[in-house]
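Number of protein chains: 2
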Amino acid sequence: MSIQSNNNKPNGGGIEIGQNTIYNIVLLIVDIVLLVFKFWLTIIQEIIKIFSTRPLEHVNGKLVLITGAGHGMGKEMALQYASLGAKVLCWDVNEQTNTQTVKEIKQAGGTAHGYICNVARREEVLELATKIQKEHGFVSIVINNAGIMPCHPLLEHTEQEIRLMYDVNVVAHFWIIQAFLPAMIERNEGNIVALSSCAGLFGLANLVPYCGTKFAVRGYMAALAEELRKQNPLSKIKFTTIYPYMIDTGLCKNPHYRFPNLMKLISPKDAAASIIEAQRQGLEEAAIPRHFVGVEKVSRIIPRKAMRLVNDFLDTGVDTDKI
Amino acid sequence: MSIQSNNNKPNGGGIEIGQNTIYNIVLLIVDIVLLVFKFWLTIIQEIIKIFSTRPLEHVNGKLVLITGAGHGMGKEMALQYASLGAKVLCWDVNEQTNTQTVKEIKQAGGTAHGYICNVARREEVLELATKIQKEHGFVSIVINNAGIMPCHPLLEHTEQEIRLMYDVNVVAHFWIIQAFLPAMIERNEGNIVALSSCAGLFGLANLVPYCGTKFAVRGYMAALAEELRKQNPLSKIKFTTIYPYMIDTGLCKNPHYRFPNLMKLISPKDAAASIIEAQRQGLEEAAIPRHFVGVEKVSRIIPRKAMRLVNDFLDTGVDTDKI
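As given, the protein sequences belong to chains Z and X, one line each in that order. All residue numbers in the first sequence are consecutive under full-length UniProt numbering, ending with 323. All residue numbers in the second sequence are consecutive under full-length UniProt numbering, ending with 323.
Please note that a few of the clues may not be correct.
Claimed, not checked - Subject to a maximum C-alpha distance of 25 Å in a straight line, what follows is the list of computed DSS-like cross-link-like pairs (lysine-lysine):
| no. | chain 1 | residue 1 | chain 2 | residue 2 |
| --- | --- | --- | --- | --- |
| 1 | X | Lys-106 | Z | Lys-297 |
| 2 | Z | Lys-297 | X | Lys-62 |
| 3 | X | Lys-38 | Z | Lys-305 |
| 4 | X | Lys-238 | X | Lys-297 |
| 5 | X | Lys-103 | Z | Lys-264 |
| 6 | X | Lys-297 | Z | Lys-322 |
| 7 | Z | Lys-38 | Z | Lys-103 |
| 8 | Z | Lys-236 | X | Lys-134 |
| 9 | X | Lys-264 | X | Lys-62 |
| 10 | Z | Lys-305 | X | Lys-238 |
| 11 | Z | Lys-297 | X | Lys-38 |
| 12 | Z | Lys-236 | Z | Lys-62 |
| 13 | X | Lys-297 | X | Lys-103 |
| 14 | Z | Lys-230 | X | Lys-269 |
| 15 | X | Lys-305 | X | Lys-322 |
| 16 | X | Lys-62 | X | Lys-322 |
| 17 | X | Lys-264 | X | Lys-236 |
| 18 | X | Lys-305 | Z | Lys-238 |
| 19 | X | Lys-322 | Z | Lys-305 |
| 20 | Z | Lys-38 | Z | Lys-236 |
| 21 | Z | Lys-297 | X | Lys-49 |
| 22 | Z | Lys-49 | Z | Lys-103 |
| 23 | X | Lys-49 | X | Lys-297 |
| 24 | X | Lys-38 | Z | Lys-38 |
| 25 | Z | Lys-230 | X | Lys-322 |
| 26 | X | Lys-103 | Z | Lys-297 |
| 27 | Z | Lys-49 | X | Lys-297 |
| 28 | X | Lys-103 | Z | Lys-230 |
| 29 | X | Lys-305 | Z | Lys-38 |
| 30 | X | Lys-230 | Z | Lys-305 |
| 31 | X | Lys-103 | X | Lys-134 |
| 32 | X | Lys-236 | X | Lys-49 |
| 33 | Z | Lys-103 | Z | Lys-269 |
| 34 | Z | Lys-238 | Z | Lys-264 |
| 35 | Z | Lys-49 | Z | Lys-38 |
| 36 | X | Lys-106 | Z | Lys-230 |
| 37 | X | Lys-269 | X | Lys-106 |
Said to hold, decoys possible - Listed next, the stretches of chain Z that the computed footprint assigns to chain X, with coverage defined by at least 3 CB atoms under 8 Å from CB atoms of chain X:
| no. | stretch |
| --- | --- |
| 38 | 53–65 |
| 39 | 128–141 |
| 40 | 152–164 |
Keep in mind the hints are simulated off the structure, nothing from the lab. Just so we're clear, the structure is a prediction, and the values are computed from it rather than from any experiment. Where is the CB? At the ideal position from N, CA and C, for every residue including glycine.
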C-alpha cells in the first residue's frame with residue numbers, strides 16, 4: 001500500500017516498477033530463507049524417522065485387492081492380509097490357483113473373495129471394479145502385484161513375450177488405478193502398492209525388456225504421487241513402490257551368486273510380510289531387503305565403470321531360462 | 001601345487017580341505033585388494049574425465065538411422081548428422097514431413113534416404129531393416145528418437161493413448177534393436193542412442209504413463225549395456241541414453257516455470273547438437289542440459305519430502321494439454 005501511494009516524484013511510473021521489483025526481490029529472499037529452513041528441518045525429521053520405529057496402520061476390516069493372488073508373493077500377501085483381519089479380494093487370470101488361495105484363507109478363518117480377471121484387458125478390469133465396489137464398498141488397499149518375467153537375451157525375446165510383459169507388468173496397473181483411484185480421491189484415503197523389482201533399480205543382463213517394465217513402475221508411481229500432491233496438497237492417499245530382490249517364487253528360474261550367504265533367495269512368505277509392513281508404514285519406496293534402495297542411491301553417484309567392478313566381484317544375477 | 005603334495009600328515013584328506021579353504025580365502029583377499037585398487041583408480045579416472053574434453057568420434061561416411069526424422073529433434077539431428085558427412089536414413093510414419101527432411105538435407109548437399117515406417121509394427125521394422133542393410137550396408141548409429149507425449153492427469157488418459165505411448169516410446173525400440181544389433185555384435189562396433197527424457201529421471205504430474213515409458217527407456221538401456229558386456233567383456237558397442245529437459249518441439253504444449261531465465265525451453269537445434277555430441281563422445285547418459293543427470297543423482301539421496309519443497313519453490317512443470 002505505502003509503495004503505491006508514493007507518487008510525489010516526477011517519474012512515478014518508473015519508480016513504481018522499481019519498487020515492485022524490489023518488493024518481488026524481498027518476497028523471493030523470504031521464500032528462499034523459508035525454503036532453506038524447511039528443507040533442513042525436513043531432512044533432520046527424515047533422518048530421525050530412519051532410526052525410529054514407524055507405526056503400523058491397522059488393516060483390520062479393510063478391503064484389500066491383490067492381483068496375481070493365485071501364486072507366489074500375491075498368494076502369500078493374500079493369506080497374511082486375511083490373517084490380519086482384512087477382507088481380501090483375490091484377482092488372478094488362473095481360476096484354479098486363485099480358488100485355492102481363497103480356499104486356504106477361508107480354511108484359516110479369514111475372509112476372501114476370488115475373481116477371475118485378465119488385468120491386461122481394460123474393459124474387464126473396469127467392469128469387475130464397478131461390480132466389486134457396488135457389492136463390497138470402498139477398496140482401501142490396491143496391490144498391483146501380477147507380473148511375468150521372461151529371462152533371456154533381448155535378441156531371443158519374441159514379440160508376444162515383450163508385448164505381454166508390458167501389458168501385464170505396467171499397462172494393466174493403469175487400468176487398475178483408473179478403476180480404484182477415483183473413490184480414493186473422493187474419500188481422500190487409500191493406498192496403492194506397486195510391485196517393481198530390483199530390476200527397476202539396476203539394469204540386469206537377460207532381463208532387458210523386464211528391466212524396462214520395472215523401471216516404468218518406479219517412474220509412473222513417482223509421477224502419480226507427484227500428480228496427486230499437485231492436485232491436492234493435503235492428499236492422504238499413499239503410494240508404495242516395492243523392489244524385491246530375488247524371491248523364490250518360480251519367476252526367478254536360474255539365479256547365480258558368488259556369495260550365497262550374502263545374497264540368497266528370499267521366501268515368498270518373508271517377502272509378503274515385508275511388503276505388508278512397507279504398506280502399513282506408508283513407505284514410499286521399499287526394497288526387499290530394505291537396504292537395497294540405499295545401495296541404489298549410493299551406486300547412482302558412483303561412476304558406472306566403477307560399479308561394474310563391484311558387480312563383477314559379486315557375480316550375482318539370473319541366467320537365461322532357455323538353457 | 002605345494003599344497004597338494006603336502007600329504008605326509010596322518011589326516012591328509014581333512015587337511016587338504018582345510019588347505020583348500022585357506023587357498024580360497026587367500027584368493028578372495030587378493031580379489032578384494034584388487035577390487036579396491038581398481039575401484040578407486042576408476043573413480044579417479046572418471047573424475048579426471050569430467051574435467052577433460054572428450055574426443056569426438058567422426059561420423060563422416062557412416063550410416064545413421066533416425067526414427068521420427070520428420071519432426072522436431074529427429075529432423076534437426078538428421079540435418080546436423082548430414083552436415084557432418086554422415087549418410088542419414090530418415091524413418092518416419094508421416095511421409096510428407098519425412099520427405100521434407102530428406103529434401104532439405106539434399107538441398108544442403110548432404111546424403112539422405114527416406115523410409116516410411118510405423119516403428120510399432122515389428123514385421124514392418126524387420127523387413128525394412130533387412131532391405132536397408134542389404135542396400136546400404138552396416139548401420140553404425142541407430143537413434144531411437146520417435147516418441148509421443150500426451151499430457152494430462154492419469155484418470156483422463158484413454159486406453160488408446162496409453163497403448164500407443166508404450167508401443168512407440170518403448171516397445172518399438174526393441175524391434176529396432178533386434179533388427180540392427182546383430183550386425184553390430186558381428187562387427188563389434190556401433191552405437192545405439194535412445195531418447196529418454198527428464199521425465200525418465202523424475203516423476204512429473206500430468207505425465208504419469210509418459211514417465212513410465214521414459215523410465216523404461218533408461219532401465220532397458222542400462223540392462224542392455226550390461227547384457228552386452230556380460231556376453232563379451234571386450235564389447236565396443238556403445239549405448240547412449242539421452243534425457244532432454246523441455247524442448248520446444250511442440251510435444252511440450254503448456255510448460256510453466258517460475259524462473260524462465262533459469263529453466264527455459266531449449267530449441268530443437270541446440271538439443272540435436274547436444275545429442276550428437278553425447279553420441280560422438282560415447283557418453284552413457286547425457287541430459288540436456290548436461291547437469292540434470294547430476295541433479296537427479298543428488299536428488300535421489302535427498303529425502304523425497306525435502307525435494308518436494310525444492311520442486312514447489314521452483315514451480316516448474318507441464319500443464320495439461322486439455323485446457
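Checked hints:
Only pairs whose Cα atoms come within 25 Å are accepted, and X/Lys-106 paired with Z/Lys-297 is rejected, the gap being roughly 47 Å. For the given pair, Z/Lys-297 sits about 38 Å from X/Lys-62 by alpha-carbon distance, which is inconsistent with the 25 Å threshold. Simply put, X/Lys-38 and Z/Lys-305 have alpha-carbon atoms about 10 Å apart, close enough for the 25 Å limit, and the pair holds. Our distance criterion of 25 Å between C-alpha atoms is met by X/Lys-238 and X/Lys-297, whose separation comes to about 22 Å.
This hinted pair does not check out: X/Lys-103 and Z/Lys-264 have alpha carbons roughly 59 Å apart, beyond 25 Å. Taken as a hint, the X/Lys-297 and Z/Lys-322 pair is broken in the structure, with Cα atoms around 36 Å apart against an allowance of 25 Å. Simply put, Z/Lys-38 and Z/Lys-103 have alpha-carbon atoms about 51 Å apart, too far for the 25 Å limit, and the pair is violated. Straight-line distance between C-alpha atoms of Z/Lys-236 and X/Lys-134 comes to about 58 Å, which puts the hinted pair past the 25 Å bound.
Proposed proximity of X/Lys-264 and X/Lys-62 is contradicted: the alpha carbons are some 34 Å apart, above 25 Å. Between the alpha carbons of Z/Lys-305 and X/Lys-238 the distance comes to roughly 13 Å, so the proposed pair stays at or under 25 Å and holds. Among the hinted pairs, Z/Lys-297 with X/Lys-38 is consistent with the structure: their alpha-carbon atoms are about 21 Å apart, no more than 25 Å. At roughly 16 Å between alpha-carbon atoms, Z/Lys-236 and Z/Lys-62 fall within 25 Å of each other, so this suggested pair holds.
Straight-line distance between C-alpha atoms of X/Lys-297 and X/Lys-103 comes to about 42 Å, which puts the hinted pair past the 25 Å bound. Simply put, Z/Lys-230 and X/Lys-269 have alpha-carbon atoms about 32 Å apart, too far for the 25 Å limit, and the pair is violated. With a CA separation close to 29 Å, the supplied pair X/Lys-305 and X/Lys-322 exceeds the 25 Å bound. A hinted pair counts as satisfied when its Cα atoms are at most 25 Å apart, and X/Lys-62 with X/Lys-322 does not qualify at roughly 42 Å.
Among the hinted pairs, X/Lys-264 with X/Lys-236 is inconsistent with the structure: their alpha-carbon atoms are about 36 Å apart, more than 25 Å. Only pairs whose Cα atoms come within 25 Å are accepted, and X/Lys-305 paired with Z/Lys-238 is accepted, the gap being roughly 13 Å. For the hint linking X/Lys-322 to Z/Lys-305, the alpha-carbon distance of about 44 Å lies beyond 25 Å, and the restraint is violated. For the hint pairing Z/Lys-38 with Z/Lys-236, the CA-to-CA distance comes to about 20 Å; that is within 25 Å, so the pair holds.
Distance check on the hinted pair: Z/Lys-297 and X/Lys-49 sit about 22 Å apart at the alpha-carbon level, within 25 Å; holds. Taking the CA atoms of Z/Lys-49 and Z/Lys-103, the gap is about 39 Å. The hint is violated against a cut of 25 Å. A distance of roughly 18 Å separates the Cα atoms of X/Lys-49 and X/Lys-297; the hinted pair therefore holds under the 25 Å criterion. At roughly 41 Å between alpha-carbon atoms, X/Lys-38 and Z/Lys-38 are farther apart than 25 Å, so this suggested pair is violated.
For the suggested pair Z/Lys-230 and X/Lys-322, the alpha carbons sit about 17 Å apart, so the restraint of at most 25 Å is met. Proximity of X/Lys-103 to Z/Lys-297 is assessed by CA-CA distance (about 47 Å); at most 25 Å being required, the pair is judged violated. The straight-line distance between the Cα atoms of Z/Lys-49 and X/Lys-297 is roughly 22 Å, inside the 25 Å bound, and the hint therefore holds. A distance of roughly 45 Å separates the Cα atoms of X/Lys-103 and Z/Lys-230; the hinted pair therefore is violated under the 25 Å criterion.
Distance restraint check for X/Lys-305 and Z/Lys-38: the Cα-Cα separation of roughly 10 Å lies within the 25 Å cut-off, and the hinted pair is therefore satisfied. About 13 Å separates the Cα atoms of X/Lys-230 and Z/Lys-305, which keeps this hinted pair within 25 Å; it holds. The hinted pair formed by X/Lys-103 and X/Lys-134 meets the criterion: a straight-line CA distance of about 23 Å does not exceed 25 Å. In summary, the hint linking X/Lys-236 to X/Lys-49 is supported, as the alpha carbons are separated by about 19 Å, within the 25 Å threshold.
Of the supplied pair hints, the one linking Z/Lys-103 and Z/Lys-269 holds, its CA atoms being roughly 18 Å apart against a limit of 25 Å. For the hint linking Z/Lys-238 to Z/Lys-264, the alpha-carbon distance of about 30 Å lies beyond 25 Å, and the restraint is violated. Of the supplied pair hints, the one linking Z/Lys-49 and Z/Lys-38 holds, its CA atoms being roughly 16 Å apart against a limit of 25 Å. Simply put, X/Lys-106 and Z/Lys-230 have alpha-carbon atoms about 48 Å apart, too far for the 25 Å limit, and the pair is violated.
Among the hinted pairs, X/Lys-269 with X/Lys-106 is consistent with the structure: their alpha-carbon atoms are about 18 Å apart, no more than 25 Å. With 0 residues having a beta carbon nearer than 8 Å to a beta carbon of chain X, the stretch 53–65 of chain Z misses the requirement of three or more and the stated coverage is violated. Judged by the Cβ-Cβ criterion of 8 Å, the stretch 128–141 of chain Z is not covered by chain X as claimed, because only 0 of its residues qualify and three are needed. Here the stretch 152–164 of chain Z counts 7 residues with a CB under 8 Å from a CB of chain X, which clears the bar of 3, and the coverage holds.
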